[in-house]
Amino acid sequence: MELTVKLQVFEGPLDLLLHLLEKNKVNIYDIPIVEITNQYLEYIGEMKRQDLNIMSEFLVMAATLIDIKSKMLLPKEETEEEEEDPRAELVQKLLEYKMYKCMSYELKDRQMDAERVLFKVPTIPDEVRQYEEPIDIEELVSDITLTKLNAIFKSVMKKQVDKIDPIRSQFGKIEKEEVSLEERMVYLEEYAMEHKNFSFRGLLEEQSSKMEIIVTFLAILELMKTGKIFISQENIFDDIFIESRVAA
Amino acid sequence: MVLEQQEAIIEAVLFSMGESVELEKIAEVLELSKEETKKIIYGMMEKYEKENRGIQIIEIEDAFQMCTRKEMYEYLIKIAKQPKRHVLTDVLLETLSIIAYKQPITKLEIEKIRGVSCDHAVNKLVEYNLVCELGRLDAPGRPLLFGTTEEFLRSFGVQSLEELPVLNAEQVEEFKQQAEEEMHLKLDV
Amino acid sequence: MVLEQQEAIIEAVLFSMGESVELEKIAEVLELSKEETKKIIYGMMEKYEKENRGIQIIEIEDAFQMCTRKEMYEYLIKIAKQPKRHVLTDVLLETLSIIAYKQPITKLEIEKIRGVSCDHAVNKLVEYNLVCELGRLDAPGRPLLFGTTEEFLRSFGVQSLEELPVLNAEQVEEFKQQAEEEMHLKLDV
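Protein chains in written order, with the numbering used here: chain G, 1 to 248; chain F, 1 to 189; chain U, 1 to 189.
By construction, these hints were calculated from the structure, which means they are not laboratory data. Any given hint could be a false lead.
What the hints assert, rightly or not - Here are the simulated lysine-lysine pairs, DSS-like style, with alpha carbons at most 30 Å apart:
hint : chain 1 : residue 1 : chain 2 : residue 2
1    : U       : LYS112    : G       : LYS158
2    : F       : LYS112    : U       : LYS112
3    : U       : LYS38     : F       : LYS124
4    : F       : LYS78     : U       : LYS38
5    : G       : LYS108    : F       : LYS70
6    : G       : LYS158    : F       : LYS124
7    : U       : LYS81     : F       : LYS34
8    : U       : LYS124    : F       : LYS81
9    : G       : LYS148    : U       : LYS124
10   : U       : LYS70     : G       : LYS148
11   : F       : LYS102    : G       : LYS158
12   : G       : LYS69     : G       : LYS101
13   : U       : LYS107    : G       : LYS154
14   : U       : LYS112    : F       : LYS39
15   : G       : LYS210    : G       : LYS196
Unchecked claim - Chain U is nowhere near these chain F residues, computed Cβ spacing over 10 Å in every case:
hint : residue
16   : GLN5
17   : ALA8
18   : LEU23
19   : ILE26
20   : GLU36
21   : LYS39
22   : GLY43
23   : MET45
24   : GLU46
25   : ASN52
26   : THR68
Ideal Cβ placement from N, Cα and C applies to all residues, glycine included.
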């Protein structure tokens with residue numbers, strides 16, 4: 001029994017919640033919130049390996065459930081007004097979702113039935129086809145001007161800008177590492193032989209991408225380990241001086 | 001023009017077009033009013049039915065289309081290629097039923113009901129031509145509005161949106177009763 | 001199986017196939033001999049003829065096909081001649097504007113901008129000859145590139161694409177600012 005629950009895939013937090021209510025045979029209007037919340041959390045605990053995007057949706061519901069749970073545990077304030085059940089909103093959501101879920105089964109049945117009907121591709125006789133009138137572009141375009149088209153384009157582009165996630169859009173792209181450590185080490189060794197003494201910052205001025213800087217730094221550490229270069233720094237955050245230990 | 005000839009014309013038109021033909025167009029060909037034309041077509045539908053013919057005429061919104069009868073399926077499948085139909089997952093069906101009942105609707109509203117993002121589902125439904133854009137909502141961000149297509153009606157065997165099973169307060173009541181019964185069962189045990 | 005049902009099956013088969021179907025295949029579906037099947041079809045041909053139906057069955061070598069009667073052509077032409085109400089819907093206009101300003105562009109890129117599948121819209125625009133294929137992008141999957149046609153330039157009264165009003169970096173910046181302001185507004189509430 002437990003195994004099937006584990007393997008079952010739920011379409012979303014509401015789907016999972018409905019499943020738990022059914023499994024526990026409880027009334028949607030009187031959710032035993034403590035019990036259901038525990039079961040819900042237990043389930044999503046087992047979902048760890050799921051996609052984070054999907055997971056976050058389940059976590060929102062978990063937070064809602066815990067919020068309701070804590071509200072219900074708090075002693076009720078002695079007020080004249082009748083307090084609303086903290087579960088009311090969730091109940092409404094569940095009911096609505098359940099209705100559409102129910103309708104989707106109905107649709108599925110109808111589709112299976114309708115599938116048994118076959119249609120026919122148009123077979124318009126050649127004599128008739130010749131009379132098919134071409135599309136009149138002038139009429140089609142009629143009152144649409146270039147200015148209007150431009151306005152439409154602007155509004156579409158604006159919509160796209162609206163949609164950009166302010167946080168994720170800052171992430172930038174992950175690009176394939178273009179410089180390998182080996183290449184850098186060879187380059188650096190030659191550079192060191194040529195320059196003898198040089199500063200780390202000076203070296204970095206030539207590097208363009210962050211990746212290149214990182215790989216160069218790694219190459220320096222590597223060469224230092226093998227004793228090919230010696231580095232010194234007076235104070236933290238100061239420039240690093242590199243000295244070649246390889247005889248020219 | 002006698003009825004027999006009018007019926008022959010309608011039959012020929014629906015046969016050769018294959019697709020759904022608007023009532024208005026058929027009426028124009030017959031040089032009759034839409035009401036008169038509709039009456040003739042309804043008469044034909046009845047006749048086809050009574051004669052147990054292999055083909056039938058179906059009504060989709062304000063259009064008519066000719067297709068085979070369901071009962072013929074098992075024979076047809078021996079010879080005809082089954083048209084490629086898209087398999088609708090539960091997610092797609094749920095999303096589709098929300099759109100069908102609440103159209104025109106935005107993605108955001110669908111997400112509110114399902115509690116999960118619906119981007120992928122809506123895009124797939126648009127791709128399958130079961131759902132289409134109906135324009136934009138006059139609200140901040142001007143979000144797209146979605147609704148069902150004629151193809152939706154056809155592939156679910158629904159004549160018009162009004163024909164969809166009703167979803168109302170009574171049904172919610174029914175769910176409630178079911179839930180209560182379930183509870184009583186539990187108490188009885 | 002009674003004759004009525006056999007006839008219905010043949011009707012459904014010929015209808016749904018559209019093209020000519022070999023006698024042998026029809027016989028197989030009915031589980032009858034070729035001779036018996038032929039006899040039934042001949043009977044149907046006679047009946048269609050006698051009833052002055054809009055469709056008929058014709059024999060082509062050892063195959064049969066359903067088609068409209070010649071007398072019906074003038075009415076079919078009437079249907080074909082009826083002006084189709086082609087309209088540029090909001091969806092089509094938005095897609096067209098994106099293609100006009102961002103060409104050459106792939107369907108995927110259009111979808112990224114609009115957030116929904118654009119297959120249908122692009123196909124319609126191609127059908128209307130406002131948009132055409134420009135070749136393929138040298139990228140995985142070698143997707144098709146789309147751009148506007150000469151017909152597009154002509155009907156919008158543009159000499160060349162350079163004449164299209166440009167959307168520049170400044171404007172994009174402006175949109176960004178507007179979007180940010182809207183966001184702040186929301187946060188303030």
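### Task
Take a quick look at whether LYS102 of chain F and LYS158 of chain G sit within 30 Å of each other, Cα to Cα.
Since the Cα atoms of LYS102 of chain F and LYS158 of chain G sit roughly 27 Å apart, the hinted pair holds (cutoff 30 Å).
### Query
Does LYS70 of chain U pair with LYS148 of chain G here, judged by a C-alpha cut-off of 30 Å?
Distance of about 48 Å is beyond 30 Å: violated.
### Minimum Cβ-Cβ distance from GLU36 of chain F to chain U exceeds 10 Å
holds (16 Å)
### Task
Check the non-interface label on GLN5 of chain F: least C-beta distance to chain U beyond 10 Å or not.
Contrary to the label, GLN5 of chain F does not stay out of reach of chain U, its closest Cβ about 7 Å off (not over 10 Å).
### Task
Determine whether the non-interface label on MET45 of chain F survives the test: each CB of chain U must be over 10 Å from its CB.
holds (15 Å)
### Task
Quickly compare the C-alpha distance for LYS112 of chain U and LYS39 of chain F to 30 Å and report which way the hint goes.
violated (48 Å)
### Query
If you draw a straight line from the CA of LYS69 of chain G to the CA of LYS101 of chain G, is it 30 Å or shorter?
holds (26 Å)
### Task
Examine each Cβ of chain U, and state whether all of them lie more than 10 Å from the Cβ of GLY43 of chain F.
holds (14 Å)
### Non-interface claim for THR68 of chain F versus chain U (Cβ beyond 10 Å)
violated (4 Å)
### Query
Hey, LYS81 of chain U versus LYS34 of chain F, does the alpha-carbon distance stay inside 30 Å?
Status holds; Cα separation ~19 Å.
### Query
Against chain U, does LEU23 of chain F keep a CB gap of more than 10 Å to every residue?
With a cut-off of 10 Å, LEU23 of chain F remains clear of chain U, as the shortest Cβ separation is near 13 Å.
### Task
For the pair supplied as a hint, LYS107 of chain U and LYS154 of chain G, confirm whether the alpha-carbon distance does not exceed 30 Å.
holds (19 Å)
Consistency with the previously given hints fails for numbers 3, 10, 14, 16, 17, 19, 25, 26, ordered from lowest to highest.
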